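Participant: Sequence:
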Amino acid sequence: MVMAKEVDELARKTLRKRSHAIDAFSWALIAILTTITKNAGLDSAKLVAQLRAEHQKEGCTSGIDVITRFVSTKVISILMLSFE
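Numbered according to my numbering, the sequence shown spans residues 32 to 115.
It should be emphasised that the hints constitute simulated quantities derived from the structure, not laboratory data.
Mixed in with the good hints there might be a few duds.
[Said to hold, decoys possible] Restricting the straight-line Cα-Cα distance to at most 30 Å, the calculated cross-link-like pairs of lysine-lysine (BS3-like) are:
| # | residue 1 | residue 2 |
| --- | --- | --- |
| 1 | K88 | K69 |
| 2 | K36 | K77 |
| 3 | K77 | K88 |
| 4 | K36 | K69 |
| 5 | K36 | K48 |
| 6 | K36 | K88 |
| 7 | K44 | K88 |
| 8 | K44 | K77 |
[To be verified] Restraint-style ranges between C-beta atoms, simulated for each label pair:
| # | residue 1 | residue 2 | range |
| --- | --- | --- | --- |
| 9 | L46 | K69 | 32 to 38 Å |
| 10 | I98 | S50 | 36 to 42 Å |
| 11 | E89 | S50 | 24 to 30 Å |
| 12 | L46 | T99 | 41 to 47 Å |
| 13 | K77 | S50 | 28 to 34 Å |
| 14 | E37 | V97 | 20 to 26 Å |
Owing to the predicted nature of the structure, the values given are computational and were not obtained by experimental measurement.
Cβ coordinates follow ideal geometry from the N, Cα and C atoms, glycine included.
With the hints as extra help, turn the sequences into a complete structure.
Facilitator: Written out as C-alpha cells, the structure is:
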C-alpha cells in the first residue's frame, strides 16, 4: 500500500498522458492486494480501506495478516522471521 500511495502522489504531480499511466500502475498495485485478500476468503474492500487509512499515518508498517484476518503491524515481524 505504501508503494501505491507514493505512485499515486507522483501521478498527481505529473502532467498529461504519463499521469494516467502512473495512476493505472497505482491501481494495479492495489489490485494485487485485493486479489490476495479475495483469494484468502477475506472482505477485500474492508481490509484494503482499513490498510489505506493506516498508511496515512507517518511511519506505518501495517499489513494484512491473512491468518488472523485483520490489519496488523505484526505482519512485518512474521515476514522478517521467515527470512532468518
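Participant: Range first: 32 to 38 Å. Now tell me if the beta carbons of L46 and K69 are that far apart.
Facilitator: Distance hint for L46, K69 holds at roughly 34 Å.
Participant: Within a Cα-Cα threshold of 30 Å, do K36 and K77 meet the stated pairing?
Facilitator: holds (17 Å)
Participant: Against the range 28 to 34 Å, how does the distance between the Cβ atoms of K77 and S50 compare: consistent or not?
Facilitator: holds (29 Å)
Participant: So the hint says 20 to 26 Å: do the beta-carbon atoms of E37 and V97 match that?
Facilitator: holds (24 Å)
Participant: Lying within 24 to 30 Å: is that true of the beta-carbon distance E89 to S50?
Facilitator: holds (26 Å)
Participant: Could you see if the CB distance from I98 to S50 stays within 36 to 42 Å?
Facilitator: holds (38 Å)
Participant: Given the hint that K36 pairs with K48, does the C-alpha gap stay at or below 30 Å?
Facilitator: Distance of about 19 Å is within 30 Å: holds.
Participant: Quickly compare the C-alpha distance for K77 and K88 to 30 Å and report which way the hint goes.
Facilitator: At roughly 18 Å apart (the allowed maximum being 30 Å), K88 and K77 satisfy the hint.
Participant: Between the alpha carbons of K36 and K69, is the straight-line distance 30 Å or under?
Facilitator: holds (21 Å)
Participant: Range hint 41 to 47 Å: satisfied by the CB atoms of L46 and T99?
Facilitator: holds (43 Å)
Participant: For a C-alpha distance cap of 30 Å, please report whether K36 and K88 respect it.
Facilitator: holds (12 Å)
Participant: Hinted pair, alpha-carbon criterion (30 Å max): K88, K69. Please report holds or violated.
Facilitator: holds (25 Å)
When each numbered hint is compared with the structure, no violation occurs for any of them.
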